[in-house]
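Chemist: Those protein sequence lines, which keep their order, are chains A and B.
My numbering numbers the first residue of the first sequence as 1 and each following residue consecutively.
My numbering numbers the first residue of the second sequence as 1 and each following residue consecutively.
Just so you know, the hints here were simulated from the structure itself, not pulled from any lab data.
Note that the structure is a prediction, hence the values are computed from the model and not measured.
We put the CB at the ideal spot given by N, CA and C, even for glycine.
A couple of the hints might just be wrong.
[To be verified] Computed far set for chain A versus chain B, every beta-carbon distance over 10 Å:
1. LEU225
2. GLU274
3. LEU312
4. TYR313
[Unchecked claim] Derived contacts from chain A toward chain B, CB cut-off under 8 Å, selection only:
5. LEU104
6. ALA334
7. HIS336
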Amino acid sequence: MKLIYLDNNATTKVDENVVSSMLPYFSEKYGNPSSIYDLAHISHDAIQEARETIKDFMGAETPNEIIFTSCGTESANMAIRGALAINKDKKHIITTEVEHHCVLNLYKELEENGYEATYIGVNECGELNLEELKNAIRPDTALVSVMHANNETGAIFPITEIAEVVKEINPETLVFSDCVQVAGKVKMNLKETKVDFASISGHKFHAPKGIGALYIKRRVKIPPLLIGGHQERMLRAGTENVPYIVAMGEAAKNCMQNFDEKIKKITYLRDKLEKGILDNVYNAILNSKAENKVPNTTNIGFQYVEGELILLYLNDLGICASSGSACTTGDLEASHVLRAQNVPFTALHGSIRFSLSHNTTEEEIDYVIENLPKVINKIIEISPFQKELKELKNKQC
Amino acid sequence: MWEYTDKVKEHFKNPKNVGEIENPDAVGVAGSLKCGDQLKLYLKIDENNVITDAKFQTFGCGSAVASSSILTEMVIGKTIEEAKKITNKEIAEMLGGLPPAKMHCSVMGREALEAAIANWEKVELPVKDKIVCQCYDVSLGDIAKSIEEGASTVDEVMEKTGAGMGCMKCRNFVKDIVNKELQK
Ligand SMILES: Cc1ncc(COP(=O)(O)O)c(C=O)c1O
Ligand code: FES
Ligand SMILES: [Zn+2]
Chain A
1 MKLIYLDNNA TTKVDENVVS SMLPYFSEKY GNPSSIYDLA HISHDAIQEA
51 RETIKDFMGA ETPNEIIFTS CGTESANMAI RGALAINKDK KHIITTEVEH
101 HCVLNLYKEL EENGYEATYI GVNECGELNL EELKNAIRPD TALVSVMHAN
151 NETGAIFPIT EIAEVVKEIN PETLVFSDCV QVAGKVKMNL KETKVDFASI
201 SGHKFHAPKG IGALYIKRRV KIPPLLIGGH QERMLRAGTE NVPYIVAMGE
251 AAKNCMQNFD EKIKKITYLR DKLEKGILDN VYNAILNSKA ENKVPNTTNI
301 GFQYVEGELI LLYLNDLGIC ASSGSACTTG DLEASHVLRA QNVPFTALHG
351 SIRFSLSHNT TEEEIDYVIE NLPKVINKII EISPFQKELK ELKNKQC
Chain B
1 MWEYTDKVKE HFKNPKNVGE IENPDAVGVA GSLKCGDQLK LYLKIDENNV
51 ITDAKFQTFG CGSAVASSSI LTEMVIGKTI EEAKKITNKE IAEMLGGLPP
101 AKMHCSVMGR EALEAAIANW EKVELPVKDK IVCQCYDVSL GDIAKSIEEG
151 ASTVDEVMEK TGAGMGCMKC RNFVKDIVNK ELQK
């Protein structure tokens, strides 16, 4: 059975040239970048080259603004803890209700340790309430964390405008943006923004899992998260993960190549999938309603049926998708993101996210459009809400 | 992903006895759309108190559908007295076990069966027997009792009864009830 992978917001397939780019750094070019001989220089130079690429990829001003980390979660933790260390005397922090858990759970912990947190909500389309954010900023606000794009719905938040507004009200407040879900999907140009910190994660754009980066704006000085040697300008001690850093650089290069063309194709396929499902499944509603959203994501709610069962049936057809985020499987609560935008409770437990990549083909999308309605119909047959479903159906016709 | 046994998979992929029974002798409902799962159980019962047919409709995850499906197989042919003895553990065992966070699905099965039998016997289940937390099988009565015995905060009630300490999806519901009880 052919695998149809539509869960690229959870993780991606590593590009073949990315794999081959990293392999020499295991057993041929294995020198420690901190050592003195030529072999070490090879590793050192490879890291610097990757740093240069990631600088361009994120639209940073200088390569020194890029710190390599082990993942998106580490980058977020480093940025948030770093920002609070800079603004030591400020005890108020702001974020959104729909952040990834790597921000939300850290905020919860900070709340237990004396910080006051404000969570900004979203409207029914999943767009951030900017007025609410403006009104929340105070003289003692240390940090505002706003993701660039949401992993579940794909909604894009206007971080350039947000950083602008934040600094206008309180120039000392620092701004962190989780850019994990825009990397490779939307061009980043951080140097043109007032964002102080931004995170990315390799495995979301066809590099391996376990490698990430943090952008720290020039002249913003934070204490290290890991203390030890002098690596990464002493901000992140520990011998660098050379092969993975090389791989992430290569993956970023791939993303930047024919960017517009690839995004055009992904957008076309995503729109086709979205329309195909909404037109052919009468109990389907669109959750990804933000005007501005990443090109590869759609989130669709199926009313009166349950999401896990949909995923299990899709799995039997070789189709990989997800409900909520990968991190929330294992947790039976409905998605905090969908609850925040008031998705009707009839669809809250039956919402599925499809996320595409440049590997997605039109045949795959056609296969899903053909088979998904059958899956939903099979599950509808089991549902105790026959009366409600019939009413929905009649309304549609 | 959950570790589901082959038996569970077999039953959610090809559930047995799906649908409605026309003119059923008993109907029982457990769970709700808001909570993420609901089971409607229909029974046909003959003059000797033997369950001759059972059908179900379920809104829920793989293990909820599997629990419902196996439950219908378990009750067909049993007398009402025998069916009353079925526990949620037995439902889970018949499926070769369920992941701990999914045990509430088997409780939902037992609850629907209980409700159906009560419906047939035309008895109202006393309010205090209403299950609040399916994971730990905690009823309204249990919560009231824990408050009588001295629990005075939501956390203490949860600690004492176990309510809300499993899959956590009943937590907000439990909090509401506890706050109401505490106000009394
Ligand atoms: C928006 C967002 N932020 C952060 C992360 C965490 O990244 P990582 O898995 O590299 O720690 C993810 C991925 O799950 C994500 O989607
Ligand atoms: S129903 Fe799962 S903890 Fe109460
Ligand atoms: Zn369940």
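Chemist: With reference to the structure, classify each hint as holding or not holding.
Modeler: Verification of the supplied hints:
1. LEU225: Given that every Cβ of chain B is farther than 10 Å from that of A:LEU225, nearest at about 31 Å, it holds.
2. GLU274: Label holds. Min Cβ-Cβ 24 Å, cutoff 10 Å.
3. LEU312: A:LEU312 is in fact no farther than 10 Å from some Cβ atom of chain B, at 5 Å.
4. TYR313: Contrary to the label, A:TYR313 does not stay out of reach of chain B, its closest Cβ about 8 Å off (not over 10 Å).
5. LEU104: violated, 16 Å
6. ALA334: holds, 7 Å
7. HIS336: violated, 13 Å
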